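Undergrad: Sequence:
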Amino acid sequence: METSSVPRNAQWRKSSYSGSTGGECVEVADGCPTAAVPVRDSKNPSGPVITFTADAWQAFVDNLRR
Numbered sequence: 001m002e003t004s005s006v007p008r009n010a011q012w013r014k015s016s017y018s019g020s021t022g023g024e025c026v027e028v029a030d031g032c033p034t035a036a037v038p039v040r041d042s043k044n045p046s047g048p049v050i051t052f053t054a055d056a057w058q059a060f061v062d063n064l065r066r
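Everything in the sequence shown is counted per this note's numbering, starting at 1 for the first residue and increasing by one.
Calculated from the structure, these hints are not laboratory results. It should be emphasised that the depicted structure is a prediction, and the values quoted were computed from it without experimental measurement. There's no promise every hint is true.
Across the chosen pairs, the derived CB separations fall in these ranges [stated by the list, open to error]:
#	residue 1	residue 2	range
1	D62	N9	26 to 32 angstroms
2	S42	P7	29 to 35 angstroms
3	A56	Y17	18 to 24 angstroms
4	E24	R66	15 to 21 angstroms
5	N63	R8	30 to 36 angstroms
6	L64	N9	24 to 30 angstroms
The C-beta atom is built at its ideal place from N, Cα and C for all residues, glycine as well.
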């Protein structure tokens, strides 16, 4: 995991399980040119971005689904 800058035209999305109240949620950027997966706090979109490897992100998502 590392902090990173993300292209300005990155398309951010959040989980379809997120509520509309703006609670505890992260957003993930799709279509970035690297194999990394950028993640940010949806309540602070101009704040820091954490970047995970694709394998680490997939392991995280897989564990959430259990």
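Undergrad: Does 15 to 21 angstroms hold as the CB distance between E24 and R66, or does it fail?
TA: For E24 and R66 the Cβ distance comes to about 19 angstroms; the hint holds.
Undergrad: Is the distance from the Cβ of D62 to the Cβ of N9 consistent with 26 to 32 angstroms?
TA: 29 angstroms, holds
Undergrad: Is it true that A56 and Y17 lie within 18 to 24 angstroms of each other by Cβ?
TA: Since A56 and Y17 have Cβ atoms about 20 angstroms apart, the given range 18 to 24 angstroms holds.
Undergrad: Given a hint of 30 to 36 angstroms, does the C-beta separation of N63 and R8 actually sit inside it?
TA: The hinted range 30 to 36 angstroms holds for N63 and R8, with Cβ atoms some 31 angstroms apart.
Undergrad: For the pair S42 and P7, does the Cβ-Cβ distance stay inside 29 to 35 angstroms?
TA: 19 angstroms, violated
Undergrad: Range first: 24 to 30 angstroms. Now tell me if the beta carbons of L64 and N9 are that far apart.
TA: The hinted range 24 to 30 angstroms holds for L64 and N9, with Cβ atoms some 28 angstroms apart.
In this structure, only the earlier hint numbered 2 is contradicted, and the remaining ones agree with it.
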